[in-house]
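Undergrad: Sequence:
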Amino acid sequence: MNKTPQSNVAGKLDFPSDVLTPSFVYVLFSIKDRKLYVGFTHNLEQRLRDHSSGNVDSTRARRPLKLIHYEYFTNENDAKSREVFLKSGFGRTQLKLSLKRTLAELGLESGEV
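Residue numbers for the sequence shown follow this note's numbering, so the first one is 361 and each next one is one higher.
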């Protein structure tokens with residue numbers, strides 16, 4: 361069975377009904393300081409609103425922010441492990457390599473962020 365979230369016409373994500381609590385790891389790009397932010401949440405849309413409105417201490421001064429990547433998990437522990445990995449030195453390097461085209465579109469070299 362496909363567990364991938366599907367976008368509906370309005371752009372909202374529809375999740376499989378047997379997944380009680382979806383988890384996400386997401387990457388934001390700060391247009392202000394040109395750095396990446398990695399986070400974890402159960403409600404991606406609400407968390408992005410929180411970041412955008414300045415309700416998150418760690419990104420308030422770094423706005424505006426752009427969502428450049430997210431990963432969907434059906435298991436919270438897997439998502440939290442992935443977040444920890446992406447925040448590690450090796451994980452951050454791997455993230456930059458996998459997003460090199462996205463970073464280039466933002467006018468960045470992978471070593472710059």
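Please note that a few of the clues may not be correct.
[Unchecked claim] Taking lysine to aspartate or glutamate and the EDC-like style, the derived pairs with C-alpha atoms no more than 20 Å apart in a straight line are:
id	residue 1	residue 2
1	K456	E436
2	K426	E405
3	K392	E472
4	K395	E431
5	K447	E431
6	K460	D438
7	K447	D417
8	K456	D417
9	K460	D410
10	K447	E436
11	K456	E431
12	K426	D438
13	K392	E465
14	K440	E465
15	K456	E405
16	K456	E469
17	K395	D410
18	K395	D438
19	K460	E436
20	K440	D393
21	K426	E436
22	K460	E405
23	K392	E431
24	K440	E469
25	K392	D410
26	K392	D417
27	K460	D393
28	K440	E472
29	K460	D417
30	K395	E469
These aren't lab readings, by the way, just hints derived from the structure by calculation.
Undergrad: Measure nothing beyond the straight line between the CA atoms of K392 and D410; if it is 20 Å or shorter, mark the hint as holding.
TA: Measuring from Cα to Cα gives roughly 17 Å; hence the hint holds.
Undergrad: K456 and E431 were given as a pair; does the straight-line alpha-carbon distance stay at or below 20 Å?
TA: holds (15 Å)
Undergrad: Does K456 pair with E436 here, judged by a C-alpha cut-off of 20 Å?
TA: Roughly 24 Å separates the two Cα atoms, so the pair is violated.
Undergrad: Does E436 lie within 20 Å of K426 when you go C-alpha to C-alpha?
TA: Violated - the C-alpha atoms of E436 and K426 are around 24 Å apart, more than 20 Å.
Undergrad: Hey, K460 versus D410, does the alpha-carbon distance stay inside 20 Å?
TA: violated (27 Å)
Undergrad: Does D417 sit within 20 Å of K447, going by the straight-line distance between their CA atoms?
TA: Since the Cα atoms of K447 and D417 sit roughly 18 Å apart, the hinted pair holds (cutoff 20 Å).
Undergrad: Taken at face value, is the distance from the CA of D438 to the CA of K460 at most 20 Å?
TA: Answer violated: K460 to D438 is near 24 Å, above 20 Å.
Undergrad: Holds or violated: K392 with E472, Cα cutoff 20 Å?
TA: Answer holds: K392 to E472 is near 14 Å, not above 20 Å.
Undergrad: Compare the distance between the alpha carbons of K395 and D438 with 20 Å, and conclude whether the hinted pair is satisfied.
TA: violated (25 Å)
Undergrad: CA of K456 to CA of E405, is that 20 Å or under?
TA: Violated, at about 23 Å.
Undergrad: Does D393 sit within 20 Å of K440, going by the straight-line distance between their CA atoms?
TA: Distance of about 26 Å is beyond 20 Å: violated.
Undergrad: Given the hint that K395 pairs with E469, test it: the Cα-Cα distance must not exceed 20 Å.
TA: The hint holds at about 12 Å.
This entry does not satisfy hints 1, 6, 8, 9, 12, 14, 15, 18, 19, 20, 21, 22, 23, 24, 28, 29, going by the numbered hints stated previously.
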